[in-house]
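Residue numbers (my numbering), protein chains in the order written: chain E, 6 to 324; chain A, 5 to 172.
Think of the hints as simulated: they come from the structure by calculation, not from any bench.
Hints are not guaranteed to be accurate.
In silico DSS-like links for lysine-lysine, alpha-carbon gap of 27 Å or less [stated by the list, open to error]:
1) E/175 <-> A/67
2) A/68 <-> A/46
3) A/51 <-> A/67
4) A/51 <-> A/68
5) A/68 <-> A/103
6) E/118 <-> E/175
7) A/68 <-> A/85
8) A/103 <-> A/46
9) A/77 <-> A/46
10) A/103 <-> E/118
11) A/85 <-> A/51
12) A/46 <-> E/118
13) A/67 <-> A/103
14) A/170 <-> E/175
15) A/77 <-> A/67
16) A/103 <-> A/85
17) A/77 <-> E/118
18) A/170 <-> E/118
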Amino acid sequence: MQRKKEVYFVISFLVILLLVSVVSAGLFDNLFKKTGHAPQAPQDVSVYVGGAPVIDSPTSPDPGPGYDPSDSFATTTIPITIEVTDTDGVADLPDGTIGLTFVVELSSGAIIKTPSGSFCTPTDIDADTRSYACNIEMNHYDPADDWDLYIYIEDSATNSDTTTIIDYTKYNLLSSITDPINPTSLTWPSLASPQNNVQSDNDPTIVVNRGNDDRHILIRAYNLIGEDNGGYSIPSTSFAVSDILDQECTVAGVNLNADGINTDTGINANPGPNDGSDPDDCDGSNEVCVYYCLDVPAGLISQTYSTTERGEHWVVLYG
Amino acid sequence: MVNKILGLTIILSVLLISIISAGVIQPYWDTHPLTMNLGETKTVTFKITNPGDVAVDYEVELKKGQDIASLSKTNYNVPPKTQNTEVPLTITIPSDYDKQVQNIALTFYKAQEGANEGMVGLTTGYEVSFDVVLNDPANQGNSLGLVIALVIALIVILILIIVIVKRK
Numbered sequence: 006m007q008r009k010k011e012v013y014f015v016i017s018f019l020v021i022l023l024l025v026s027v028v029s030a031g032l033f034d035n036l037f038k039k040t041g042h043a044p045q046a047p048q049d050v051s052v053y054v055g056g057a058p059v060i061d062s063p064t065s066p067d068p069g070p071g072y073d074p075s076d077s078f079a080t081t082t083i084p085i086t087i088e089v090t091d092t093d094g095v096a097d098l099p100d101g102t103i104g105l106t107f108v109v110e111l112s113s114g115a116i117i118k119t120p121s122g123s124f125c126t127p128t129d130i131d132a133d134t135r136s137y138a139c140n141i142e143m144n145h146y147d148p149a150d151d152w153d154l155y156i157y158i159e160d161s162a163t164n165s166d167t168t169t170i171i172d173y174t175k176y177n178l179l180s181s182i183t184d185p186i187n188p189t190s191l192t193w194p195s196l197a198s199p200q201n202n203v204q205s206d207n208d209p210t211i212v213v214n215r216g217n218d219d220r221h222i223l224i225r226a227y228n229l230i231g232e233d234n235g236g237y238s239i240p241s242t243s244f245a246v247s248d249i250l251d252q253e254c255t256v257a258g259v260n261l262n263a264d265g266i267n268t269d270t271g272i273n274a275n276p277g278p279n280d281g282s283d284p285d286d287c288d289g290s291n292e293v294c295v296y297y298c299l300d301v302p303a304g305l306i307s308q309t310y311s312t313t314e315r316g317e318h319w320v321v322l323y324g
Numbered sequence: 005m006v007n008k009i010l011g012l013t014i015i016l017s018v019l020l021i022s023i024i025s026a027g028v029i030q031p032y033w034d035t036h037p038l039t040m041n042l043g044e045t046k047t048v049t050f051k052i053t054n055p056g057d058v059a060v061d062y063e064v065e066l067k068k069g070q071d072i073a074s075l076s077k078t079n080y081n082v083p084p085k086t087q088n089t090e091v092p093l094t095i096t097i098p099s100d101y102d103k104q105v106q107n108i109a110l111t112f113y114k115a116q117e118g119a120n121e122g123m124v125g126l127t128t129g130y131e132v133s134f135d136v137v138l139n140d141p142a143n144q145g146n147s148l149g150l151v152i153a154l155v156i157a158l159i160v161i162l163i164l165i166i167v168i169v170k171r172k
């Protein structure tokens with residue numbers, strides 16, 4: 006009889022051990038999760054000591070579609086409402102100066118935002134709960150990414166609570182350049198056939214990055230067709246570009262691809278604050294100039310060559 | 005004096021009108037993929053912006069991912085001073101889709117305005133792309149298999165113990 010009891014005890018122990026191993030491995034989480042993002046889930050840290058404030062909300066990421074930068078150079082407001090309870094009453098809580106930071110981690114370091122004016126507007130909900138309406142102002146050039154939210158609150162007795170929400174909300178990607186691009190068309194002085202290394206006489210085109218997209222300028226070029234005799238043309242591969250004056254006709258210039266195929270120029274107009282130059286120039290951190298060079302092939306007849314006959318303008322792309 | 009003020013106002017107006025821009029807001033991009041399941045349909049909404057003073061026309065072309073993505077409309081008139089002209093892209097993953105990742109690429113072209121006066125007319129556009137990543141059904145199957153294996157192991161252990169007890 007005693008032997009049987011021992012065996013039942015061993016069986017019970019094994020069953021419990023198995024169940025514990027299954028639960029602690031998060032196996033059921035893996036079974037039912039849908040996004041595969043468990044490792045990125047919010048990491049809430051709440052500590053409650055008698056009389057200490059407790060951050061009731063937010064406790065999880067904002068489920069909305071994220072916030073959009075504005076290429077009118079206006080800031081984008083991200084409103085965040087925080088609710089805090091303190092059993093000692095709302096009088097124990099700060100009026101509006103609470104610790105709130107909005108952070109994105111980049112390979113170049115972290116960018117940290119705090120509420121505008123470092124102040125949130127408090128509103129008492131009841132005797133021991135207060136809400137704080139905070140606004141984070143985002144610039145048009147702030148990076149597109151998932152931003153984290155850190156909240157810290159301290160009452161008059163220096164009791165405190167903190168909340169960390171990883172990937173709280175998304176700041177979307179805005180690709181935007183000034184349009185129409187300046188100048189709207191390129192010209193060259195009188196040309197001979199053949200003639201190499203001829204610089205455009207009305208470049209550069211000035212590209213102003215009005216968004217937060219940090220990619221290259223692409224050019225989709227088309228052959229220039231003779232306006233009188235369409236049997237003659239200047240291929241798009243006869244052109245080269247550079248963002249440095251007088252480099253466009255050297256080996257540093259990037260040759261454009263064949264008709265209708267995008268060329269990655271490697272030129273980047275970095276996202277950045279608008280320098281306010283009017284008209285645009287190439288001096289701002291978000292501005293870049295593109296210079297053009299032409300090698301006129303041999304065998305062309307004397308006439309005007311342009312994109313007019315083809316009806317396809319060259320496209321300056323951001324992407 | 006009146007003439008001077010009038011002349012200055014007109015010049016300033018021309019300068020203001022000449023500064024135009026247009027852009028594309030993307031909810032997903034190269035480092036922010038869209039995650040989906042087999043048999044699922046989602047709509048991804050891009051927005052065309054136009055902070056300028058005149059309306060602009062845009063053409064949208066789906067360049068990659070036509071096997072799962074479609075545009076219901078390709079031409080858009082974007083009113084001035086707006087940034088919410090929505091371009092919905094519908095993505096449907098067939099239940100038997102065999103790719104784990106599919107790149108979606110679109111090009112937004114600003115419609116060119118008339119014939120240019122120079123040799124090379126210029127317009128602008130945007131290349132937009134992101135990945136659609138499928139939740140791995142194989143991994144889910146592995147988890148289910150692990151549970152089944154654990155249950156079977158438990159049963160085997162129980163049977164072994166019962167057999168041992170009965171022998172004694």
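I'd like to know which numbered hints this structure contradicts. Please list them from smallest to largest. 7, 10, 12, 14, 16, 17, 18
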